[in-house]
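S.K.: Spelled out, the chains give:
Number of protein chains: 2
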Amino acid sequence: MEVIDQLAPERSKSQFDVDAMKIVWAGSQHAFDISDRMARLVASDPAFRKDYRVTLGRKELFKNTLRKAAHAWKRIIELRLTEEEASKLRTFVDEPAFTDLHWGMFVPAIKGQGTEEQQQKWLPLAYKMQIIGCYAQTELGHGSNVQGLETTATFDPATDEFVIHSPTLTSSKWWPGGLGKVSTHAVVYARLITDGKDYGVHGFIVQLRSLDDHSALPGITVGDIGMKFGNGAYNTMDNGVLHFDHVRIPREQMLMRVSQVTREGKFKQSDVPRQLLYGTMVYVRQTIVADASSALSRAVCIATRYSCVRRQFGSQDGGPETQVIDYKTQQSRLFPLLATAYAYRFVGEWLNWLYTDVTQRLQANDFSTLPEAHACTAGLKSLTTSFTADGIEECRKLCGGHGYLCSSGLPELFAVYVPACTYEGDNTVLLLQVARFLMKTVSQLGSDKKPVGTTSYMGRIEHLMQCRCDVQRAEDWSKPGVILEVFEARAARMNVACAQNVSKMPNPEEGFSELSSDLVEAAVAHCQLIVVSKFMEKLQQDIAGKGVKEQLQLLCSIYALSLVHKHQGDFLSTGTITAKQASLVNAQLRSFNAQLRPNAVALVDAFNYTDHYLGSVLGRYDGNVYPKLYEEAWKDPLNDSVVPDGYHEYIYPMLKQQLRTARL
Amino acid sequence: MEVIDQLAPERSKSQFDVDAMKIVWAGSQHAFDISDRMARLVASDPAFRKDYRVTLGRKELFKNTLRKAAHAWKRIIELRLTEEEASKLRTFVDEPAFTDLHWGMFVPAIKGQGTEEQQQKWLPLAYKMQIIGCYAQTELGHGSNVQGLETTATFDPATDEFVIHSPTLTSSKWWPGGLGKVSTHAVVYARLITDGKDYGVHGFIVQLRSLDDHSALPGITVGDIGMKFGNGAYNTMDNGVLHFDHVRIPREQMLMRVSQVTREGKFKQSDVPRQLLYGTMVYVRQTIVADASSALSRAVCIATRYSCVRRQFGSQDGGPETQVIDYKTQQSRLFPLLATAYAYRFVGEWLNWLYTDVTQRLQANDFSTLPEAHACTAGLKSLTTSFTADGIEECRKLCGGHGYLCSSGLPELFAVYVPACTYEGDNTVLLLQVARFLMKTVSQLGSDKKPVGTTSYMGRIEHLMQCRCDVQRAEDWSKPGVILEVFEARAARMNVACAQNVSKMPNPEEGFSELSSDLVEAAVAHCQLIVVSKFMEKLQQDIAGKGVKEQLQLLCSIYALSLVHKHQGDFLSTGTITAKQASLVNAQLRSFNAQLRPNAVALVDAFNYTDHYLGSVLGRYDGNVYPKLYEEAWKDPLNDSVVPDGYHEYIYPMLKQQLRTARL
Ligand SMILES: Cc1cc2nc3c(=O)[nH]c(=O)nc-3n(C[C@H](O)[C@H](O)[C@H](O)COP(=O)(O)OP(=O)(O)OC[C@H]3O[C@@H](n4cnc5c(N)ncnc54)[C@H](O)[C@@H]3O)c2cc1C
Ligand SMILES: Cc1cc2nc3c(=O)[nH]c(=O)nc-3n(C[C@H](O)[C@H](O)[C@H](O)COP(=O)(O)OP(=O)(O)OC[C@H]3O[C@@H](n4cnc5c(N)ncnc54)[C@H](O)[C@@H]3O)c2cc1C
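So the sequence lines, in the order shown, correspond to chains A and B. In terms of my numbering, the first sequence opens at residue 62 and continues consecutively. In terms of my numbering, the second sequence opens at residue 62 and continues consecutively.
Just to be clear, a hint being listed does not mean it is correct.
One copy or two, it doesn't matter: identical chains are merged, so the pair holds either way.
[Stated by the list, open to error] Cut-off 25 Å, straight-line C-alpha distance, at most; resulting in silico cross-link-like pairs (SDA-like, lysine to any residue):
1. K111 / T390
2. K111 / D683
3. K511 / Q90
4. K135 / D509
5. K74 / T430
6. K540 / Q527
7. K124 / R724
Think of the hints as simulated: they come from the structure by calculation, not from any bench.
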């Protein structure tokens with residue numbers, strides 16, 4: 062059957078070079094090539110099909126994931142894929158699995174915290190997957206407060222071993238992905254006790270299961286913690302529970318890069334600076350920001366294409382109805398999300414640079430930028446994941462009723478995404494850390510310690526406290542300099558106001574805690590400024606391709622102005638803009654949305670997502686939505702028979718008034 | 062084992078009479094008694110247990126729902142429950158089922174749109190469940206735009222029948238609950254065609270399945286539309302697809318209360334006013350607002366109790382850590398949600414009164430308040446469902462990692478709730494209707510047509526356009542009069558500004574469409590005012606019980622002030638309050654939150670929810686969270702065996718480097 066591209070008219074309207082934009086989105090030609098190749102590889106391999114995923118019971122679902130993970134690994138070996146390619150391939154398989162933790166947390170933990178010898182011993186095993194590892198930090202009773210973990214690792218000098226033990230119910234490890242059913246090993250965080258003294262939380266490599274028959278080793282109780290949000294979603298992952306009953310491991314299995322325990326049981330700090338560990342955190346959070354952009358862009362791609370296919374109301378003289386994307390409310394809900402996907406992409410790219418920069422400085426023993434880099438990644442992790450979670454759900458709503466079907470792809474995208482707001486640091490807890498850093502920065506203004514990196518705008522605090530926005534006509538809001546300054550002024554003023562209010566309290570700790578909600582808002586203002594400014598910096602670069610830069614400029618303006626509108630309370634209450642200027646923002650946004658409209662589909666095409674990866678009938682590249690929705694429906698197991706299971710026991714007796722005597 | 066009430070210390074702190082508050086929440090002693098009795102009935106009946114729901118495959122899940130529905134009906138008959146009791150019982154069974162549509166849409170449609178004779182014929186069958194019905198309006202191609210439905214009902218005078226037909230793929234009925242697998246009948250909406258003329262959309266009673274063997278009748282293709290958001294959630298419901306191939310029904314099965322087709326095929330309007338149909342809409346939407354309050358209060362109950370159990374950070378001298386509810390950020394996220402649950406409860410109660418009022422007026426041929434009542438219910442439906450959906454998800458996040466587990470109850474609560482933002486009118490489409498009504502109201506100001514009901518504040522437009530808020534100290538924000546006026550002024554000013562901007566456009570239609578995002582925001586401002594004012598009206602009543610009224614006053618203030626803060630952009634840009642006053646709002650909110658804190662648990666206890674209904678380990682009445690979480694985990698089917706299914710095929714070969722040769 063010939064496939065008609067229902068979206069062809071949309072594509073022909075676009076005013077820029079989509080292929081060039083694809084390179085910009087991917088980051089480079091090289092990144093694009095790999096991504097494109099891996100996406101096609103996965104999409105064309107029947108073993109990676111996603112059908113039926115949502116109707117499976119837990120066991121089949123999980124087994125199916127094991128199959129895919131094994132198949133992916135097989136392909137990786139057969140095709141001799143590079144690390145970069147392998148990681149992309151796993152991304153496009155698009156199913157959370159134990160391998161995520163093995164590669165994403167277990168291996169990096171050993172690399173970051175293990176000594177040279179430890180790395181030489183364990184990494185080759187892990188690289189070949191002769192052992193499978195997970196990252197066991199969180200416990201039933203403690204997540205955010207890592208220092209409160211209760212698991213103990215007590216050194217026994219008699220045998221040169223650590224005894225790993227879970228003294229309470231709440232000390233059970235709880236949540237680690239890959240732990241429940243698969244991992245043979247774990248990096249376990251436990252309180253180091255030696256010589257009768259508690260030296261706080263450290264990491265230990267612990268074998269959990271036999272490499273021969275996968276049975277749990279003596280003293281270890283391990284299992285899955287049960288169902289999580291969504292149908293498939295994270296239920297393909299065996300987040301686990303783990304209880305230790307005096308499990309012994311050799312002393313060498315403590316990760317000893319920064320601290321050691323000697324044969325005699327003496328605790329020692331090594332000369333490697335502890336701060337090195339923060340480097341890993343910057344790395345992990347940078348990937349989370351990049352993931353936010355991916356998740357949001359997938360949702361936006363689905364909602365944008367479907368909004369062009371979906372028509373509702375407004376038919377004139379029997380002609381076609383209005384495409385819902387032409388409703389201004391739809392535009393003002395959707396286009397800022399599209400712009401945000403791009404904004405997060407670029408801030409993610411920049412964070413990648415920041416990571417390299419920080420690493421180089423650390424190696425040169427320069428720790429000066431670390432607190433700023435740390436605050437900045439914590440803040441961006443929080444900002445981008447919270448917004449993305451909400452944005453995905455908004456995309457689902459933008460699709461009306463059909464967005465509620467799993468075949469839209471959106472429910473699963475949401476359910477699998479939302480824990481990003483919680484893991485790697487609860488978003489509120491992270492913003493409070495950012496706030497603490499910002500309060501310190503403000504308190505040091507005027508001193509010798511100059512604000513660096515993303516806080517350097519605070520160096521112009523006097524100007525920012527009194528500058529006036531001189532927007533007079535809507536078009537003035539298209540000037541990047543104007544926009545940047547209002548974001549800077551708002552962030553500076555909110556943070557200074559917080560600092561002043563904190564200082565009025567009896568003591569700073571109490572003040573910080575009492576005003577923490579305001580502080581969180583001020584931290585958000587700072588983080589939004591970072592995103593806006595990094596988008597603008599990106600636009601300073603050479604960008605090839607007809608019309609590409611113009612579209613990016615438009616997206617940047619929409620991103621920034623939609624935030625000004627959404628948070629106009631901040632801008633107005635700090636006197637950064639006037640009410641009149643706030644209403645000009647709306648006018649300018651309307652005009653920008655109208656400019657974006659013809660390019661909307663091309664801008665989501667530039668993500669270069671395969672239909673396999675999108676996993677959405679509504680977001681199909683060809684826009685052939687209705688026949689496919691209809692087709693999908695019949696695949697539900699409930700449609701195996703016309704008369705459903707249970708009819709004879711429950712429905713028939715009801716209809717025939719015979720329930721009274723039935724045993725149910 | 063003795064059960065310890067972990068939350069007893071919280072309960073002993075409370076400063077009001079919880080039992081009296083339970084009556085206020087329920088609405089009356091009578092309502093409380095029924096609710097309490099039905100909740101216990103369901104909770105104590107093993108047939109209604111909820112365990113394992115989330116791990117079942119689709120077919121078992123659905124069969125299990127049929128079983129529960131049959132059992133519920135059996136109990137209803139055995140116990141000779143009244144309609145009110147039966148409906149409460151179904152609520153507490155807490156599982157979407159075909160019966161919801163049968164009782165909630167099919168029966169009311171016949172009551173509202175059927176003639177006396179039609180009611181006499183069909184209602185007794187429906188009341189005894191000798192037939193099971195659903196409401197088949199939405200099609201694959203049309204939801205919001207009901208006038209665009211494509212199904213046809215063509216009168217054939219030769220046989221005195223209508224021929225029901227689906228002329229296109231997009232005309233397939235799509236979404237109706239109960240349709241997919243269960244309903245024997247449906248009220249089908251189709252374009253009435255007689256004498257070669259299209260008379261628009263009307264309702265028809267159509268039999269779909271044989272009453273003997275449940276097979277689909279000739280010409281009818283019917284099935285389930287597949288999986289939806291969440292594990293259990295709405296997947297217990299058979300939302301269906303339905304295609305007609307020239308299905309014939311007797312002419313008498315057109316619902317003929319307001320229009321008729323005669324034996325000769327002549328179309329006639331009856332003398333019953335069409336507006337009567339709106340009465341039903343007011344009714345249905347009122348129940349949706351009540352449901353919003355239930356759903357939000359359940360989520361808030363879980364998050365509040367767990368926030369008292371959960372401790373994280375802040376341990377001093379080895380003492381217990383801080384309960385997370387004591388963090389100000391947690392309070393400022395949670396307490397407004399608690400206040401909103403109460404606010405929606407009371408506005409729901411008021412809507413119930415409005416429905417009675419409208420019905421009485423309609424019977425007396427007084428249509429004067431109908432447009433206002435219609436706009437008001439549409440707006441409140443939109444406002445409360447959008448906020449509740451977001452609020453449930455916020456409660457989930459407030460529970461940190463554990464909120465992501467299904468055993469927290471929150472994922473399911475969210476997944477089953479969110480479609481309320483879409484069904485019975487997409488929330489954006491509804492707000493646009495409200496906006497249209499408000500623009501009309503504004504345009505008539507100064508004319509003879511005085512604004513009525515919830516718009517009567519517009520009658521004081523001159524005052525509201527220029528009044529000044531005279532708050533000078535934080536405590537001034539505790540005066541109801543002050544709060545009410547700023548809400549009135551904000552709503553009035555935003556709507557007047559919109560009307561002025563619309564009038565500047567070339568023509569009103571274009572202006573309305575161009576400015577629709579602003580209009581939606583102005584409509585929201587109006588709807589929030591309604592909720593605030595109805596909460597305040599409630600507080601004018603006599604309310605019994607020690608401290609009860611004080612708590613409600615506190616909740617009302619928190620509800621209103623948290624909105625002022627959240628939407629401070631509106632208040633500032635309209636000049637309703639000053640920046641200084643906005644910051645006093647924050648100060649006052651902090652003080653109110655501190656006042657609420659000791660009463661938080663008692664305020665959620667007042668909802669009187671059983672642990673069965675809450676369905677949440679985190680929200681347990683006794684706060685015994687950790688042992689129960691641990692216990693729950695082991696019930697997952699994945700824990701049936703230590704070594705998971707798939708180990709031998711996929712994990713072992715991976716560990717042993719034997720994948721190359723494996724067939725996967
Ligand atoms: C899908 C998923 C996968 C995971 N994978 C892993 C894994 O592989 N390995 C692993 O070790 N862990 C893992 N985790 C655990 C995760 O890291 C923790 O859940 C996370 O750190 C949040 O901690 P918590 O659950 O203790 O939240 P809590 O701290 O209990 O949060 C509860 C509430 O308290 C508030 N709060 C807490 N402290 C403060 C404070 N000081 N000030 C103000 N408010 C506060 C929070 O904002 C939140 O609203 C995973 C979790 C999930 C959901
Ligand atoms: C769980 C569930 C149960 C349901 N049960 C039933 C049932 O029992 N019986 C039944 O008949 N139906 C049922 N429905 C269907 C439901 O009533 C429709 O989905 C709903 O009316 C929304 O219509 P839609 O899907 O066409 O949304 P659309 O109108 O397609 O919405 C898509 C987008 O377009 C926007 N939009 C549409 N029109 C306009 C406009 N004029 N101006 C601006 N924006 C616009 C919307 O805001 C939305 O963002 C159910 C749906 C769900 C999800």
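S.K.: Next step is simple, just say for each hint if it's right about the structure.
M.R.: A quick look at each hint next to the structure:
Taking the shortest Cα distances, K111 and T390 never come within 25 Å of each other, neither inside one copy (33 Å) nor across copies (40 Å). When the C-alpha separation of K111 and D683 is checked against a cutoff of 25 Å, the pair qualifies only within one copy, where the shortest distance is 19 Å, while the shortest distance between copies is 42 Å. In this assembly of identical chains, K511 and Q90 lie within 25 Å of each other by CA distance neither inside one copy nor across copies; the values are 38 Å within and 66 Å between. Taking identical chains as interchangeable, the C-alpha atoms of K135 and D509 are never at most 25 Å apart, the minima being 57 Å within one chain and 80 Å between chains.
In this assembly of identical chains, the alpha carbons of K74 and T430 never lie at most 25 Å apart, being 46 Å within a copy and 47 Å across copies at closest. In this assembly of identical chains, K540 and Q527 lie within 25 Å of each other by CA distance solely inside one copy; the values are 20 Å within and 34 Å between copies. Taking CA atoms no more than 25 Å apart as the test, K124 paired with R724 passes between copies only; the shortest distance there is 15 Å, against 36 Å inside one copy.
Going through the hint list in order, the structure does not satisfy hints 1, 3, 4, 5.
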